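*Asks:* From first to last, the protein sequence lines are chains A and B. Taking the numbering used here, I'd label the letters of the first sequence as residues 1 to 411. Taking the numbering used here, I'd label the letters of the second sequence as residues 412 to 661.
Heads up, some of the hints might be wrong.
Listed below are the simulated DSBU-like cross-link pairs for lysine-lysine, each with C-alpha atoms no more than 35 Å apart in a straight line [said to hold, decoys possible]: (1) B:K655 / A:K48; (2) A:K320 / B:K607; (3) A:K259 / B:K557; (4) B:K518 / A:K138; (5) B:K601 / A:K320.
Since the hints were made in silico from the structure, they are not lab data. Bear in mind the structure is a predicted one, so any value in this text is a computation, not a measurement.
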Amino acid sequence: MATELSTPTYLPSPQLTPREGDLFNLDAALTEEERAVRDSVRAFVDEKVLPLIGQCYVEGRFPKELIAEMGANGYFGANLPEEYGCAGLNNVMYGLIMQELERGDSGIRSFASVQGALVMYPIYAFGSEEQKRHYLPKMATGEVIGCFGLTEPDYGSNPAGMITRARQQADGTWILNGAKMWITNGSTAQVAVVWAKTEDGDESGKSIRGFLVPTNAKGFKAKDQKGKLSLRASDTSELVFDNVHLPADAILPKSGGLKSPLMCLTQARYGISWGALGAAMACYEEALSYSKERVMFGRPIGGFQIQQVRLADMLTEIVKGQLVSLHLGRMKDIGTFTPQQVSFAKRNNVNIATDIAREARRLLGGSGILAEYASMRHMANLESVYTYEGTHDIHSLILGQAVTGLNAFGG
Amino acid sequence: MKIAVCIKRVPDMDVRFKIAPSGTAVDETGLKFDISDFDGYAVEAALQIKEKLNAGEVVVISLGGDVVQETLRKAMSMGADRAVQLKADGTHVDSFAIASALAAELKDGGYDLIMFGRMSIDTAHGVTGAIVAELLGLPCVNAISKLEFDGRTAKMRRELEGAYELVECALPAVVTIDEGIARPRYPSLKGIMAAKKKPLESKPAQLPAARLSLDALALPPERAAGRIIGEGTAAVPELVRLLKEEAKVL
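Input sequences plus hints: build the corresponding full structure.
*Replies:* The structure is reproduced here in structure tokens:
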């Protein structure tokens, strides 16, 4: 008797036929609620973000006017529980939100990533019940904005070497000194999650703890970094702490060691792996539509083999990236994903997105250099995304270590 | 105030349609479906009334196969309290039959206001609301762009060519909604999650025999390519001559 094969059940919506533009029928791999979340954010981005983002980029301005509606719609910390005022979504839905926001602009997605994964998540994971009740509901609505201070001017890829120092006083309060750099939302935030060493002579970073620092505290300074040629529709700041006096309960009680901020980065990098695909999709769709309309030598340029190869390559890489992120999201939901898998997804998806944005810009010809089109904006943004949240190179070393068992960070 | 909003599931319009092999239906392969535009305005207007009064119930009703449940859940994710599917498989084109099934459901529902979009954006008959009103013996105001209440009186505005009309009627009433009344909200993420828990009742549609049938669907003929006759002012005399002699529009 033949062996009965078990029926795979991994397609939640097998009844769906491929929609135009969804060659691989990835919609069938999503539930109805997941598609509803994606479509709702997509409509928001189409109607509220796309009409103004090109101009914001040129002006070097983050569109603060969108924050309240993004909060009301539930985009901040959307995978955190409802009891703290969040939407309580699964991680695939969270990823789809990041994808759609970055289809608008990496700066918009960065804002949501920082707010949700780098500020709300550590408060949720390492905070006291009072801290969670105080901050999370107001951060979910966007009433309170946060930033995340880990990277320092001389310590980027090597955060264990940080010099920012929190010294506990005899009465239990803290004095914070140091500086942080490349801080998204730094000058907009009301609260900063700042990572600092609490012991002298700690080279491994084991004494690193998280602190909730009100940005109006005496001795706290945030200065916008000027002259950015990337992520222009996003605020990036330098933070300086000059004897900032913090109450005893400013510490995130359950934080401990470098592992804590790295857990935050794993959350954010997971979202970035989806977000970068959103930027890539925007570029691909712009290139595809342009290729059908732009006539040269008497026919649409989409009819030329060279452009078809470009478009086929773009689509192929996007679909591969989507399958990686989707599988990663399903694993995150059942609790089996690893930081190495997140490195894989962030590294691959951001890398292919940079290539797709550049190829889309080239397909657009001269038009491609204008802010009226999105591809060059995404192309420039993605250079930041390639560099932040673990550079592409650092993720290569993480993967290298995962497969060889040999640590290349020492040299 | 108890409000019913009757909504229709229609394909997204910004695609190139194909006709199914039957010749009497659109090929649904790969189409994306959503609430018909005007029905979406009606849902939004109903939700705004409920929010303003801070009381009442919004019930969404749709006739069709089980696929309309997704459309009903979208309306509930926007904020409608519950939904009713009048189950009827296949394609239904007889507005009178559809209106009869809707009226049978609405008759004993105790609704103060029954809302429709002024027409569906796929078949655009624009008569279902009016037939329901007639069957229920209720006043009907079509294509309204504003709606306010003074006690049990509805005060409405209708847009005319270069003018507008102000209309009043007593509740209960049937109204059909024009665009401009309210932009439909995006379903919030919490709303999408909450919609899963809201009641969706499915019952057979009491459809009378259809007296209308759809015999054939056809796409408009391909337009011939345009002709460029020259550039600048030099081309004007030839253009005028062709418009007079060939197109005969001057």
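*Asks:* Indicate, hint by hint, whether the structure satisfies it.
*Replies:* Okay, the hints, checked on the actual structure:
1. B:K655 / A:K48: Not satisfied, since the Cα-Cα distance of roughly 47 Å exceeds 35 Å.
2. A:K320 / B:K607: Holds: K320 (chain A) and K607 (chain B) sit about 31 Å apart, inside 35 Å.
3. A:K259 / B:K557: violated, 58 Å
4. B:K518 / A:K138: violated, 45 Å
5. B:K601 / A:K320: holds, 30 Å
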